[in-house]
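K.L.:
Residue numbers (our numbering), protein chains in the order written: chain A, 1 to 325; chain V, 1 to 346; chain L, 1 to 279.
Note that these hints are calculated values from the structure, not bench results. Beta carbons: idealized from backbone N, C-alpha and C, even for Gly. The reader is advised that the hints may include incorrect statements.
Said to hold, decoys possible - Here are a few chain V residues that face chain A, going by a calculated C-beta distance under 10 Å:
no., residue
1, 190
2, 196
3, 199
4, 212
5, 238
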Amino acid sequence: MTMLLAVRDLRVSFPGATGPVYPVDRVSFELARGETVALVGESGSGKSLTGMALLNLVPAPGEVAPGSSVSLEGTEILKLRGEPLRRIRGARIGMVFQDPLASLNPVISVGDQIRETIQAHLPLGRREARTRAEALLAEVGLAGTPEGYQRYPHQLSGGMRQRVMLAIALAAEPDLLIADEPTSALDVTVQAQILTLLEGLRRARGLTVLLITHDLGIVAGRTDRVLVMYAGRIVEAAPTAELFAHPAHPYTAGLLGSLPRLRGPRQPLRPIPGQVPSPGDWPAGCRFHPRCAKSFAPCREEPPIVEVAGGHHMRCWLGKSGDSA
Amino acid sequence: MTSLLSVRDLTVDYRATGLIMPRRPLRAVDRVSLTVSRGETLALVGESGSGKSTVARSILRLQPVTAGTVEFDGHPVLELDRRTLRGLRRRMQIVLQDPSSALNPRMRVGAAVAEGLEIHRLGVPSERPARVAQLLGEVGLDPALADAYPHQLSGGQRQRVVIARALAVGPELLVLDEPVSALDVSVQAQVLSLILELQQRRQLAYLLVAHDLAVVRQVAHRIAVMYLGRIVETGPTDAVLTAPAHPYTRMLIAAAPDPDHVEGRPGGSPLRAAAPDPDEGPPGGSPLPLGVSGEGAGATRPAKGCLFQPRCPHPGLDLRCASESPALRPLGATLAACHHADSTTS
Amino acid sequence: MTTDGWLRQLWLRPAGRVGVILLVVMSLTAAIGPAFLPDPLAQPDLAQGGLRPPDQIHLLGTDYHSRDVMARVVTGARVSLAVAFGAVLLSITLGGMVGLAAGYLGSWIDAALMRLVDAALAIPRLFLLLIMVASMERIPLWLLIVAIGATGWFGTSRLVRAEVRRLRAMDFVRSAEALGATRRRILARHLLPNVLGPLTVATTLAVGDVILLEAGLSFLGLGVQPPTPSWGGMIMENKSFLVTAPWTSLAPGLAIVIAVVAVNLIGESLHQDPAPPLS
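Whole structure, please, built from the sequences with the hints as guidance.
P.N.:
Here it is, written out as structure tokens:
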């Protein structure tokens with residue numbers, strides 16, 4: 001598999017009361033062409049900011065700190081400005097957000113919104129672009145008819161709007177799709193449909209997908225790899241099945257223990273005590289250690305990255321002592 | 001066991017004001033009947049537009065009701081005058097979904113928790129700070145937080161304050177409207193554990209409104225599944241979740257994310273594994289479980305017949321479904337409102 | 001954050017701090033200044049003629065009637081500021097009450113009050129005032145305050161009503177209802193404290209408006225009656241000498257500008273963050 005995107009030491013800084021804080025702090029990962037990777041974390045973990053930083057879209061007053069690198073097949077995205085950056089956004093990397101209603105223009109028909117995106121990136125005439133837009137509508141499971149083309153966002157349900165967002169994100173045929181909580185605002189039956197659609201589109205188009213979510217439940221069985229974020233850092237990265245079967249980092253294990261199950265024997269929940277610290281108050285050393293049942297003396301120091309199994313890494317002192325469970 | 005709360009044929013219409021002509025009123029809740037006993041949890045489950053929150057709020061008379069009766073420990077809640085109702089409100093409290101808007105931003109935590117004590121003149125004013133500290137302790141908060149303002153707290157802490165505020169007046173019934181859906185997973189588990197613990201300690205009756213079946217399974221004794229304002233299936237939690245009779249209940253269960261199904265790709269997602277027919281689903285997409293399709297919130301409401309019929313994947317769908325509204329009837333271990341469910345109950 | 005919280009916020013912002021200092025200095029000068037200045041009505045050196053340019057005796061010169069301009073500006077501040085603050089206090093009280101009632105009670109009360117406001121807003125305020133004051137020979141100061149205050153609350157009531165309607169839909173109000181809180185309690189403990197922020201902003205901005213309005217009325221001869229000094233009245237009295245003796249109208253003109261700038265600085269600073277976020 002060839003590498004599509006390489007992220008190195010990504011840092012996002014925000015001005016704080018006493019100097020800058022880093023809600024995303026030296027995040028590194030790679031995406032191979034065609035894979036679906038989940039970036040999982042709770043609120044405040046920095047997962048959404050990471051997604052925005054990949055396209056240099058961090059909202060002010062935040063900014064991507066110097067020394068960060070996001071490379072799309074050798075092109076350093078963070079160094080781009082103006083037209084070249086615009087050509088990456090949309091054309092190479094598409095994005096879908098949680099709230100489709102806020103991302104759609106209420107006074108332009110959904111078809112025209114797709115057509116405009118197509119024309120912004122591809123050298124097509126109005127008529128050709130319109131034909132393509134109708135085809136895209138059909139591809140995301142909406143009516144690819146002139147009537148379907150003419151509908152406005154308020155005439156659509158939440159799930160249909162998210163389908164339109166997918167069509168817009170795919171209009172310029174990007175290689176990478178970043179989906180930030182694409183189904184969190186949707187009902188569970190609609191969520192299942194959108195996720196299934198996403199998987200179908202990935203396969204049909206050979207897309208690479210970065211799925212940013214708080215919900216471990218939608219990650220299982222739908223992604224190739226999982227990156228778990230806590231307090232601005234990736235604390236564990238593993239193939240999906242491996243991560244669910246053998247969670248190594250105590251935070252990942254805690255998350256899984258907190259998750260109520262619909263199937264299997266009913267077990268009491270095992271919550272993680274305490275709460276996620278805010279970016280200004282991150283503890284020294286391992287950022288999870290004050291909430292961790294297994295913390296011991298070394299945890300006050302910066303933990304090493306250890307390989308637990310093939311392709312399975314975590315940032316934890318436990319790995320060093322050979323105790324991974 | 002007599003029920004603490006007994007709701008019969010509750011109906012709520014929303015009058016939509018049209019631009020030119022008055023529109024047909026929207027029936028948000030349609031002849032819903034339910035009971036909750038002391039120490040018991042009944043979960044109202046459904047997607048957006050199912051009317052589950054409307055039921056919860058109507059029971060506490062937080063919104064106008066079109067028809068039906070609500071009895072709380074023998075009192076006809078919907079017919080009480082304002083004064084009597086105020087007294088009864090001590091005994092039935094509500095915890096709302098969004099902890100960020102459920103607390104007055106200008107009121108300190110201590111004052112918010114003490115408000116019910118003041119309203120109902122419970123205890124001596126001089127002892128209230130101690131009572132507030134005790135309540136904060138009971139929900140697992142540091143009593144020192146009494147001086148904090150809501151915006152200084154995390155989401156989980158705020159939801160605990162909301163619970164303490166409701167508990168202050170010593171209720172017997174607590175209506176929990178999506179109490180954990182705005183919270184992070186790790187915090188959600190903490191609050192669910194607290195909810196369970198409080199029920200045991202205080203013999204509370206809960207009416208839990210939720211969309212997450214896995215959450216419901218953790219805390220509820222019985223489940224009522226709602227679709228477009230009607231209860232379509234109800235029964236003991238385990239029966240509804242393991243042997244659902246109604247096609248909608250099955251669809252909900254099939255669509256629920258499952259962290260334990262990790263065969264992963266390319267072996268197939270849990271949805272595909274459960275899908276009976278690999279050719280279903282939208283073009284370009286992969287098959288869906290048990291024909292999961294359509295949306296409750298935006299679904300067109302058939303003028304007659306079964307409300308779920310336009311989305312129903314049941315093979316036995318017939319003219320009767322389109323013309324005759326099904327009533328709840330015993331099907332296996334649950335009650336379900338379906339003309340055909342028995343023919344494929346597994 | 002409480003009321004002391006927003007005062008501190010105001011002080012921490014440079015613009016707000018400048019506004020507060022200016023306003024405090026002006027108010028203090030108006031309060032105690034006249035004691036150290038000549039009688040604003042006296043004509044000490046009538047014999048030598050009026051319109052004397054600023055010198056060591058008359059720091060801002062004298063007017064046509066040979067009265068000390070500085071004494072008149074400082075004394076005029078009492079009138080102008082009293083009218084401004086009095087009228088604004090009245091209009092926010094009226095506007096706040098009407099807005100709270102309309103927004104919280106809703107139904108026909110809301111409809112009736114808001115149609116009334118619509119009707120009142122359709123008539124220009126100056127026209128309303130002209131009708132009220134032009135029908136009288138002499139307008140006492142209190143009546144001027146009442147007239148300006150009574151014609152200034154319409155916009156405020158709309159603002160408060162919109163805010164109350166937004167708050168009323170929020171869960172904390174519903175939760176108070178569920179606790180059995182009376183309407184009075186919900187208004188006083190839950191709604192009022194939360195509309196104070198936007199109301200404060202509206203108030204400070206209205207003060208500037210009213211100073212200008214009073215100046216305009218006095219300029220038209222319908223406000224504070226001569227010989228009592230007020231800023232607008234002074235400009236009117238001296239409009240013929242704008243070229244020959246500019247100090248006579250520049251001094252009150254500058255006073256108006258400073259006062260309006262001061263309250264607008266305060267209003268703008270509060271506007272940036274009137275209250276802790278509700279979400």
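K.L.:
Against this structure, judge whether each hint is valid.
P.N.:
Hints and how they fare:
no., hint, in the structure
1, 190, "4 Å, holds"
2, 196, "8 Å, holds"
3, 199, "14 Å, violated"
4, 212, "8 Å, holds"
5, 238, "8 Å, holds"
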